[in-house]
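Throw the hints in and build the complete structure from the sequences for me.
When we follow our numbering, the leftmost residue of the sequence shown carries the number 1, and every step to the right adds one.
If you're looking for bench data, these hints aren't it; they were derived computationally from the structure. For glycine and all other residues, C-beta sits at the position ideal for the given N, C-alpha and C. It is possible that some hints are incorrect.
[Said to hold, decoys possible] FRET-style restraints, in silico, Cβ to Cβ: (1) Ser13 / Glu92: 40 to 48 Å; (2) Asp217 / Ala93: 37 to 45 Å; (3) Glu53 / Asp148: 36 to 44 Å.
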Amino acid sequence: MNTPGTYLVTQQSLSAGRTTREVVEAAVAGGVDVVQVREKHRSARDQLAVARELRPLTAEAGVTLIVNDRVDVALAADADGVHLGDDDLPVEAAREQLGPEAVVGRSVSDVPAAREAAAAGADYLGVGAVYATGSKETEPSESEVGLDTVRGVAEAVDVPFVGIGGVTPERAADVVAAGADGVAVISAIAGAEDPEAATRALDGAVETGRRRRSDGDGDRPDGEAVADGGQT
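Put into structure tokens, the structure is as follows:
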């Protein structure tokens, strides 16, 4: 799996009238590292169609393709792996079905869950929501876990992880400086006026965060003054 610096989660309903393919093409041009086919509230058949359409594009670009929740869709689309939540198959069961080379990710919201997922063999984690977000359409906004949880997870586990939830280019550096390897977003790329430019901006912010962390400056929040963090 590519180092998850900039990680796009797809959602056509949040893509400003564009198709998921159009958004992913732009993100790939902007240097995205990982694409997750999420497409919440769409059928497994639709998710499979999207994943199969994106598979040649991501494979050619060397971008990791992940399917949200559905191990069966990941298998049928020949995706690189799957991302699991609390209501999905356990990490070990997904690994049994997908094989040892597949990428298996896991969503967590606190340090104990991060330790458990790492011990179960997750290849990477999605930690959040770092900031409160309402990007799940009709679902309630997620409460934020904050940068302290990001720091705690970084100290507790060795597997790579991305911060997700309310992350914007203005906040991405803070998330990475706090210990995340990268950031996962939906509308910060998909809903942007220029998704390619938005991907490049996020990638630059991730690099800034990594420099700050290596310089021992991970506790200085550049994004504190930003009033509106937007959506995932």
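Here is how each hint holds up against the structure:
| no. | hint | in the structure |
| --- | --- | --- |
| 1 | Ser13 / Glu92: 40 to 48 Å | violated (33 Å) |
| 2 | Asp217 / Ala93: 37 to 45 Å | holds (41 Å) |
| 3 | Glu53 / Asp148: 36 to 44 Å | holds (40 Å) |
The structure does not agree with numbered hint 1 stated previously, though it agrees with all others.
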